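Build out the structure end to end from the sequences listed, making use of the hints.
According to our numbering, the sequence shown is numbered sequentially starting from -2.
For the record, the hints were derived by calculation from the structure and aren't laboratory data.
Being a predicted model, the structure only gives us computed values, none of them experimental.
Careful, some of the hints might be misleading.
[Unchecked claim] Listed next, the in silico SDA-like pairs over lysine to any residue satisfying Cα-Cα at most 25 Å (straight line): (1) Lys39 x Leu55; (2) Lys39 x Ile89; (3) Lys42 x Lys1; (4) Lys42 x Met17; (5) Lys39 x Lys71; (6) Lys71 x Ile90; (7) Lys41 x Phe20; (8) Lys41 x Leu11; (9) Lys1 x Ser16; (10) Lys5 x Asp27; (11) Lys42 x Ile23; (12) Lys66 x Ser77; (13) Lys42 x Ser77; (14) Lys42 x Gly65; (15) Lys71 x Gly44; (16) Lys71 x Lys41.
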Amino acid sequence: MEIKELTKGIIAGLLASLSMTIFIIIFFSDATIEDSLMLLYKQKKIGGLISLGALVNLPLFFLGIRRGKENFAKGILIISLIFVMTIALLKII
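Written as structure tokens, this is what we have:
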């Protein structure tokens, strides 16, 4: 049961962040998603987009803590740390 809640948290955090990132691209860009991502990567601004998309994990984390689902919140935290490491790698590259 512990691993199941952790996995649910990881999947929920990943899906929430990716959907928010895609929503931001669709809402603010006139180009296609692929073109927007390539343009942001070339301008070295894709890390900012990923971090904006990951902000949706914050309410999910606090909701998990508030409802007593600590393992779900740990999954959200794990995926958020993975996003942080990805952003750091993109800044280096």
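Hints versus structure:
| no. | hint | in the structure |
| --- | --- | --- |
| 1 | Lys39 x Leu55 | violated (28 Å) |
| 2 | Lys39 x Ile89 | holds (13 Å) |
| 3 | Lys42 x Lys1 | violated (35 Å) |
| 4 | Lys42 x Met17 | holds (16 Å) |
| 5 | Lys39 x Lys71 | violated (33 Å) |
| 6 | Lys71 x Ile90 | violated (29 Å) |
| 7 | Lys41 x Phe20 | holds (20 Å) |
| 8 | Lys41 x Leu11 | holds (22 Å) |
| 9 | Lys1 x Ser16 | holds (22 Å) |
| 10 | Lys5 x Asp27 | violated (34 Å) |
| 11 | Lys42 x Ile23 | holds (16 Å) |
| 12 | Lys66 x Ser77 | holds (17 Å) |
| 13 | Lys42 x Ser77 | holds (18 Å) |
| 14 | Lys42 x Gly65 | violated (36 Å) |
| 15 | Lys71 x Gly44 | holds (23 Å) |
| 16 | Lys71 x Lys41 | violated (30 Å) |
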